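Asker: Listed below, chain by chain, are the residues.
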Amino acid sequence: MPQMSHSLINVENVTKKYQSAEEEVWALRGVSLDVCRGEFLAIMGHSGSGKSTLLSVLGGLIPPSSGVVIIDDLDIYALSAERRADFRREYLGFVFQQFQLIPYLTALENVMLPLVTINWSSRHKREKAGEALQRVGLGRKINRLPHQLSVGEQERVAIARAIVNDPPLILADEPTGSLDTLTGNDIIDLFQKLNADGLTILMVTHNRDNMHHVSRAVFIQDGRVETQEPKAFAAACGLQKSGTGK
Amino acid sequence: MKTWTIALKNLKRHKWKTAFLIFSLAVGVATVLAVYNIMQTMQLELGDYLDEFGANIVITPRAEGVELNYGDTHMGQVIFEMENLTVTDLERIDDIEERRSINIISPKIIADVDVVGQKALLVSMDTRLEFSMKPWLSLHQETGIIAGETGKDLALLELPPNGVLLGFSAARALGKSAGELLQLNGKAFQVAGVLAETGGEEDGLIFADLGAAQALLGRPGEFSMVEISAYCNFCPIEEIVAQLQEVLPGSQVTALRQSALLRKETMDRYAAFGYILSGIVLLVTGLGIFNTMLSFVRERTREIGILRAIGFRRSHLLQIIFLEALFVSIPGGAAGYTAGILISRLAGPFLAQMQLQVPWRLELALPAMLLAVVLALVSSSVAALKAAALEPAEALRFY
Ligand SMILES: Nc1ncnc2c1ncn2[C@@H]1O[C@H](COP(=O)(O)OP(=O)(O)OP(=O)(O)O)[C@@H](O)[C@H]1O
Ligand SMILES: [Mg+2]
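Chains as they are written, first to last, in this note's numbering: chain A, 1 to 246; chain B, 247 to 645.
Calculated directly from the structure, the hints in this document are not laboratory data.
These numbers were taken from a predicted model, which means no experiment stands behind them.
Just so you know, not all the hints are guaranteed correct.
Straight-line distance between alpha carbons at most 20 Å, and here's what the computed SDA-like set of lysine to any residue pairs gives [claimed, not checked]: (1) B/Lys-248 - A/Met-211; (2) B/Lys-258 - A/Asn-119; (3) A/Lys-17 - A/Val-68; (4) B/Lys-248 - A/Leu-145; (5) B/Lys-248 - B/Arg-643; (6) B/Lys-263 - B/Ala-580; (7) B/Lys-248 - A/Glu-226; (8) B/Lys-632 - B/Trp-250; (9) B/Lys-422 - B/Pro-381; (10) B/Lys-248 - A/Gly-130; (11) B/Lys-248 - A/Val-68; (12) A/Lys-128 - B/Met-247; (13) A/Lys-128 - B/Ala-580; (14) A/Lys-17 - B/Arg-643; (15) A/Lys-17 - A/Glu-226; (16) A/Lys-128 - B/Ala-366; (17) B/Lys-248 - A/Asn-143; (18) B/Lys-248 - A/Ser-178; (19) A/Lys-128 - A/Glu-90.
Footprint (simulated), chain A over chain B, 3 or more residues, beta carbon under 8 Å [claimed, not checked]: (20) 249 to 256; (21) 540 to 552; (22) 555 to 569.
Simulated restraints on C-beta separations [stated by the list, open to error]: (23) B/Ile-576 - A/Leu-145: 25 to 33 Å; (24) A/Asp-222 - B/Ile-576: 53 to 61 Å; (25) A/Gly-48 - B/Lys-258: 26 to 34 Å; (26) B/Lys-258 - A/Ser-178: 25 to 33 Å.
The beta-carbon is built from N, C-alpha and C at its ideal position, and this holds for glycine as well.
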């Protein structure tokens, strides 16, 4: 890819102000961040530090108050709202903080959701969703409703939904937050496997143990990038990429 | 899975709300359809009525405070002690300028007669003339005709001077049938036939030959009214009436079309009421749908956030909500059509106070469906726009 930056995500000086009647909250106070293709990045920080906000800004869900978000050389907030929806469908897989499965749809149907607006045959959609569920290790139980699944299984359904449309980028908000350690580790393993398959993953997490399983961790405090691990990371993605074992 | 699958699943999940939506649509459509159908049938009926009566004119002697109502309503309280029309008057009618527009001039005597202690209304005229003017009258019974044979055409019936025809209910009230004898003011007449039931004023009358009645009543050469038939749709009725009034200053000349028009006015008022009622019902059902659809959207705020986040466009959300509306409008429209027609068939005759047979009108099925669809879509538009306008990030925080 000549002429293109090697980073997949390029965030420059992004701020986000939440304005309510009584007060204004600066959730992001100037975040700059580069993410390389194939990275498995952890975003860490205290509660209320702005992690979810950053992830939403990166995912095209919340326009920043200032700054630029470029993903795959696309200034996503220069797009119209409808085009940005298309972008989310084609580029992103979301794993939300609360899984956010639709309670009256089966596991399979939940996974099929991102494919609904695509003009494929129902059969093809079902096959794709089935494959995604296989990849997350949930080949059976696909016809169960979310409440008939364990929390870990629900998490897997949410991940299957995020990868079903083969996006290059996964954004996951606290995917292990509500899981016990063992199940949490399984999920991290799953992410590592997906990362090894070439997916770029950004994961918000509280858990410092997860740090050892990712290629880089970024710490956020008060809406700013405080520090990162490894400390000497420079966004020379071409070099970095070979280093992360893709 | 398609957008419509999501719409259908949502409806299935909310059985009561869905049932309410269908019911509301059915009520709206049924009301509009029933009102429309009844009005249309009444209009057709009125058209027939106008056609049947052509442009008849009734001439009666003017009398203080007396309305002689013949040809439209009952004759129960007619007072006959008044001026009579005479043969001279008939000659005058014959002389008017617009005589060429007049088909038939039928003078009559109408009087109370005594039938063995009972009072009955005797109408007498040139019966052949009269019955050719009123082709809808027919014979039920006739002397000399054996049951099962077809009777003579009424207009061809030769009524002998001592013969009478009985209206259907008059015959029943008097207990007389064809061939029997009858005493009118003490004079014997023979029942030459009984008219078939019409449901109209004819049922209660006794018909006799003009000359015989004049003799019986002791009023030779006199008439109590003259009925004039101008069987043309574009006759200058006002003109004829004016000319008749001019030559007969002592009489009252009434065009029967006026009474039909009066009836039309009443009907128009009914129609206005019906359409206002439909409007109100549509508004109320529309509001019900509006609310229910809005509650669907509110309840699914989070779900809509998820869909938007994973790449559903605003237009896809509009699609889902409108598809839900469309799905309920199909059974709603069908039920509304069926109920509307049933109501108009059952209640129509009662409401319109007419003997009408309200038809099934299959051709109204499509407009009924369309009305349901439009009503559902319009009432859902705010909900749909609200769903489309939800910010995905905000919606996701909704828990
Ligand atoms: N819609 C909103 N309106 C107002 N303030 C908000 C809104 N969303 C977030 N905030 C505020 O912005 C700040 C950052 O919130 P954010 O959800 O990004 O934090 P977080 O790091 O994800 O926290 P947690 O670890 O608890 O999920 C917090 O102070 C929060 O109260
Ligand atoms: Mg958060």
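Asker: Take the hints in turn and mark each one as holding or not.
Answerer: Taking the hints in turn, this is what the structure says about them:
1. B/Lys-248 - A/Met-211: Violated, at about 40 Å.
2. B/Lys-258 - A/Asn-119: violated (24 Å)
3. A/Lys-17 - A/Val-68: holds (15 Å)
4. B/Lys-248 - A/Leu-145: Distance of about 19 Å is within 20 Å: holds.
5. B/Lys-248 - B/Arg-643: Violated, because 26 Å separates the two Cα atoms, which is more than 20 Å.
6. B/Lys-263 - B/Ala-580: Cα-Cα ~18 Å, so holds.
7. B/Lys-248 - A/Glu-226: violated (45 Å)
8. B/Lys-632 - B/Trp-250: Cα-Cα ~19 Å, so holds.
9. B/Lys-422 - B/Pro-381: violated (24 Å)
10. B/Lys-248 - A/Gly-130: holds (17 Å)
11. B/Lys-248 - A/Val-68: Between B/Lys-248 and A/Val-68 the Cα gap is close to 35 Å, so the pair fails against 20 Å, i.e. violated.
12. A/Lys-128 - B/Met-247: holds (12 Å)
13. A/Lys-128 - B/Ala-580: At roughly 39 Å apart (the allowed maximum being 20 Å), B/Ala-580 and A/Lys-128 break the hint.
14. A/Lys-17 - B/Arg-643: holds (16 Å)
15. A/Lys-17 - A/Glu-226: Within the cut-off at roughly 19 Å; holds.
16. A/Lys-128 - B/Ala-366: violated (91 Å)
17. B/Lys-248 - A/Asn-143: holds (17 Å)
18. B/Lys-248 - A/Ser-178: violated (32 Å)
19. A/Lys-128 - A/Glu-90: Roughly 15 Å between the alpha carbons, so the hint for A/Lys-128 and A/Glu-90 holds.
20. 249 to 256: holds (count 5)
21. 540 to 552: holds (count 4)
22. 555 to 569: holds (count 8)
23. B/Ile-576 - A/Leu-145: 25 to 33 Å: For B/Ile-576 and A/Leu-145 the Cβ distance comes to about 28 Å; the hint holds.
24. A/Asp-222 - B/Ile-576: 53 to 61 Å: Holds - the Cβ-Cβ distance for A/Asp-222 and B/Ile-576, about 56 Å, lies within 53 to 61 Å.
25. A/Gly-48 - B/Lys-258: 26 to 34 Å: violated (40 Å)
26. B/Lys-258 - A/Ser-178: 25 to 33 Å: Since the Cβ atoms of B/Lys-258 and A/Ser-178 sit about 30 Å apart, the hinted range of 25 to 33 Å holds.
When the structure is compared with the earlier hints, violations turn up for hints 1, 2, 5, 7, 9, 11, 13, 16, 18, 25 and for no others.
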